[in-house]
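Undergrad: Sequence:
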Amino acid sequence: MEPDGTDRRSFDTYGTVGGLSYDHSYGGGCLTAQWTLAAPAYFSDQGARIGRSVEIFDGVQRVWTGRLKEPERGVPWTFRAEGFQAALADYSCVDTGGPPYLPTTDPNAAITAAQARGLPVTVPDLLPTVDQITDPPATIADLLNQTGDLSGQKWQVDRDGHLTMAGPPTGCDYLYVLLDTFGRSLDGYATDMWVKFVDSTDSTVKMVTAGPLSGVRPFGRVEQVIDLTGTDHPPMLPTDAQLLADAARDLLGERINFTNTLTCLPGQLLSPGGLPVRLSTVTAGQTMRLVGASTDAGIGEAAYSAGVQVVIGQTSYDAVADVLQITPWNAQRQDLTGALEDLYGALTRTGAIGVGLSGLVQLRTA
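One point on numbering: in this note's numbering, the residue at position 121 of the sequence shown is 122, and numbering is uninterrupted.
In case anyone wonders, no lab produced these hints; they're calculated from the structure.
Note that the coordinates shown come from a computational prediction; the quantities given were computed from them, not determined experimentally.
Cβ coordinates follow ideal geometry from the N, Cα and C atoms, glycine included.
Please note that the accuracy of each hint is not assured.
Stated by the list, open to error - Label-pair distances were calculated between CB atoms; the ranges are:
(1) 14 <-> 91: 55 to 63 Å
(2) 172 <-> 267: 37 to 45 Å
(3) 221 <-> 113: 42 to 50 Å
(4) 223 <-> 42: 54 to 62 Å
Using the sequences and the hints given, assemble the complete structure.
TA: Below, the structure is given as structure tokens:
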């Protein structure tokens, strides 16, 4: 269909559709989709034009939404689409009004203005704002990344085109009776984050730290230092440095990493009531409980007695085989110190907090 919802057409009317698969991630939402179409080489239709909006349904339930990319001509044709989360990287952070237009660090204002320019998402609830972001980034996606990282939340565009931002889920959406489990690794593990910085009030080098919220270090104390004293890093207030330490602790610390994916076949994933769920409807950002796996306080599971609780970081569904690949949110990461220094290294050629944190999302997801 067109981005405004008009001129709806079905790919089934063009030929036989096959090879359908699609992915979701947390954060981000709908990621990518691809399928094949048995159509002649000279096939051409307005409904298959690049940039058209795409919806994938399982029966009457919408399971994925996005926009078409350039198709691959062949026998058969190959079509690909990207989720609407990618569209947010195509819009600038400007407010309504103008010309001339004013840049903004308020994601609500930026999205409202972008919607008037054709951004195909809706925002059911107001998004948070962060005072520390004083220099508007280039795109709305960058602004959402920075806002989410500094507020300890994730943003995503779901299968209904709704843009939301929230903290990690804590409930239980699915049960998985243990046939397989995720591996675990101490690579990249840290209990305490230190930020080394130059105090802007007196130009001295100081350090702040953030330890585990639970106060428990089941595998001993493991400290990581983020050095922001180089020439690329301007001085900052101790309160801003503490904000960075807290954000690093919340996003990266205190949890053992998972190292592999789970393959779910029909009937293996259950609702909390014990009924099998359709694998095509499972999305990232939901939670699953591995019934039969012992809990581990080191990965924040001490509160759960019925099994290991996992936030789903990425899903990949194969509609032909009806198989779902699940990657946990705490997928394995390595070289934590170097990655943190690179991410925080972009912090502010302007002296404002909020630049350089967006990569934490990529480290945390699959």
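Undergrad: All hints are to be evaluated individually against the structure, with a verdict given for each.
TA: These are the hints, each one checked on the structure:
1. 14 <-> 91: 55 to 63 Å: violated (30 Å)
2. 172 <-> 267: 37 to 45 Å: Given about 24 Å between the Cβ atoms, the range is violated.
3. 221 <-> 113: 42 to 50 Å: Distance hint for residue 221, residue 113 holds at roughly 49 Å.
4. 223 <-> 42: 54 to 62 Å: holds (58 Å)
Of the hints listed earlier, those the structure fails to meet are numbers 1, 2, in rising order.
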